[in-house]
Amino acid sequence: MNVIWGNLPVILGGLALTIQYAVVAIILMVVIGLIAALMRLSKLAPMRWIASAYVEIFRSTPLLVQLFFIVLGLPAILPVNQWFGQLMYPILSAALTLSLNEGAYVTEIIRAGILGVDRGQKEAALSIGMTDFQTMRYVVLPQAFKRMIPPLVNQAAQTVKDTSLLAPVGVAELVYKGEIVIAATFASFTIWSLVAALYFVIIFSVSKCSAYLERRLQVDKR
Amino acid sequence: MISVKNLRKSFGHHEILKGINNHVEEREVVVVIGPSGSGKSTFLRCLNGLEVVTSGEIEIVGMKLTDPTTDIHKLRQHVGMVFQQFNLFKHLTILENITLGPRKVKKQAVAEANEIARELLAKVGLPGKEQRYPDELSGGQQQRVAIARALAMKPDVMLFDEPTSALDPEMVGEVLQVMKNLASEGMTMVVVTHEMGFAREVGHRVLFMDEGYIVEEGKPSDLFTNPQMERTKSFLAKVL
Ligand SMILES: Nc1ncnc2c1ncn2[C@@H]1O[C@H](COP(=O)(O)OP(=O)(O)O)[C@@H](O)[C@H]1O
Ligand SMILES: [Mg+2]
Numbered sequence: 000m001n002v003i004w005g006n007l008p009v010i011l012g013g014l015a016l017t018i019q020y021a022v023v024a025i026i027l028m029v030v031i032g033l034i035a036a037l038m039r040l041s042k043l044a045p046m047r048w049i050a051s052a053y054v055e056i057f058r059s060t061p062l063l064v065q066l067f068f069i070v071l072g073l074p075a076i077l078p079v080n081q082w083f084g085q086l087m088y089p090i091l092s093a094a095l096t097l098s099l100n101e102g103a104y105v106t107e108i109i110r111a112g113i114l115g116v117d118r119g120q121k122e123a124a125l126s127i128g129m130t131d132f133q134t135m136r137y138v139v140l141p142q143a144f145k146r147m148i149p150p151l152v153n154q155a156a157q158t159v160k161d162t163s164l165l166a167p168v169g170v171a172e173l174v175y176k177g178e179i180v181i182a183a184t185f186a187s188f189t190i191w192s193l194v195a196a197l198y199f200v201i202i203f204s205v206s207k208c209s210a211y212l213e214r215r216l217q218v219d220k221r
Numbered sequence: 000m001i002s003v004k005n006l007r008k009s010f011g012h013h014e015i016l017k018g019i020n021n022h023v024e025e026r027e028v029v030v031v032i033g034p035s036g037s038g039k040s041t042f043l044r045c046l047n048g049l050e051v052v053t054s055g056e057i058e059i060v061g062m063k064l065t066d067p068t069t070d071i072h073k074l075r076q077h078v079g080m081v082f083q084q085f086n087l088f089k090h091l092t093i094l095e096n097i098t099l100g101p102r103k104v105k106k107q108a109v110a111e112a113n114e115i116a117r118e119l120l121a122k123v124g125l126p127g128k129e130q131r132y133p134d135e136l137s138g139g140q141q142q143r144v145a146i147a148r149a150l151a152m153k154p155d156v157m158l159f160d161e162p163t164s165a166l167d168p169e170m171v172g173e174v175l176q177v178m179k180n181l182a183s184e185g186m187t188m189v190v191v192t193h194e195m196g197f198a199r200e201v202g203h204r205v206l207f208m209d210e211g212y213i214v215e216e217g218k219p220s221d222l223f224t225n226p227q228m229e230r231t232k233s234f235l236a237k238v239l
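Listed in order, the protein sequences are those of chains D and G.
Going by numbering that gives the first Met the number 0, the residue at position 219 of the first sequence is 218; the numbering climbs one at a time, nothing skipped.
Going by numbering that gives the first Met the number 0, the residue at position 104 of the second sequence is 103; the numbering climbs one at a time, nothing skipped.
For reference, chain D alone in the conformation it holds in the complex (with noise of 0.2 Å):
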């Protein structure tokens, strides 16, 4: 217990990079993942290959190489940490493979989600002289939306565990930091026991969000 007490506040700090890290992702996953999955749409075939090859790409390589590969690998050839900053570009870096790797998966999501949307709804949209535009954001989203929420919530809970990976590229969140006490205290049971503690309560209330949204939708729109 005193291994536990003694260390909270660095573990905790750990935790809250890591929520961090995770807020920034889902936030961002989504935006990418409706951007590329509107691409992903598009009457234009350019635009259909470059979101093809963006999804393809990360979703066939591992998430860790894919850390390695740009916080790690970009600056030995190019000179990012000048233009961001030393310490700055890790950590912009991290953020941003992470995002775009869940998004790649939200993209997925949100393209079946449109597609799974009544092709009547979309006519009808149409036929009032509503642009493909507006039949988009005002119809077909905010039905598809609702079927996305399941699944959404879980890339989410997955978007935590995956914060787990940017221990490796140097990003102190809450392996990193359990790492660090171990080395310290040898008390690995019981720090790791700690974070995968912690690791269940977040996924667990994330989860459960799932459930609580579709009751909120189900109530207020039908």
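Among these hints, one or two may not hold up.
Not everything, but these chain G residues come out facing chain D in the computed CB check (under 8 Å) [stated by the list, open to error]:
#: 1; residue: ASN47
#: 2; residue: ARG75
#: 3; residue: GLN76
#: 4; residue: PHE82
#: 5; residue: GLN84
#: 6; residue: ASN86
#: 7; residue: GLY100
#: 8; residue: LYS103
#: 9; residue: VAL104
No lab work stands behind these hints: they were computed from the structure.
Positions of the beta carbon are idealized from the N, C-alpha and C atoms, including for glycine.
Fit chain G with the ligands to the supplied structure of chain D, relying on the hints for placement.
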């Protein structure tokens, strides 16, 4: 009001419309009948550009639909459409369903759009349903809302694609009544339907379509009692 010249439409190698010619006058009610799969829906959907025509010319509400420089969204504001499956926006209330077009497309003020929507709901016999959602209404009620939604754009022409085919029999009458009223107000209408009673009573002209052609057309009184073509005769023998 509508002029169609040598309209052809193919899906892949399959030609569905094989040269349609017709002319619809202002205030005219044209009823389109014919067997399933004859191209009636495709014809109607070409008239507001939901299907892109393969060749031929369509002029409607004074705009040339087949001219690539025509603003199709502008054109559709003047051409109302009612679908077999109603297609009300499921996530919006009845009031929002009716006002979405006027507000977003015509940039009408909310108060004005709501006012017009309430009048239209009264007109189709559904006062007080403003805050309901589509799935809380019966099929007949939903279809009447769909008509109100189309009318809210103040169209010059209304296209109906089998508006009563998805309804339970006891709800057909209420929808046909709304359409009759609309016709008597002088709305130009093209109606695909299997309701021969409606065609006789309200239609000024009937088109019989089969296999991508308009096989025969005429006044309901003539076409129903004295059809000229064999195919028309055998179709009418089955449905009358
Ligand atoms: N989007 C489409 N793609 C391919 N074939 C289609 C499409 N829409 C309609 N068809 C075909 O065109 C033919 C005519 O259909 P339709 O116009 O719906 O006939 P109707 O309304 O008279 O029953 C049918 O054989 C149908 O399968
Ligand atoms: Mg049809």
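Item to complete: Starting from the hint list further up, note which numbers the structure goes against and sort them upward.
Response: Result: no hint breaks.
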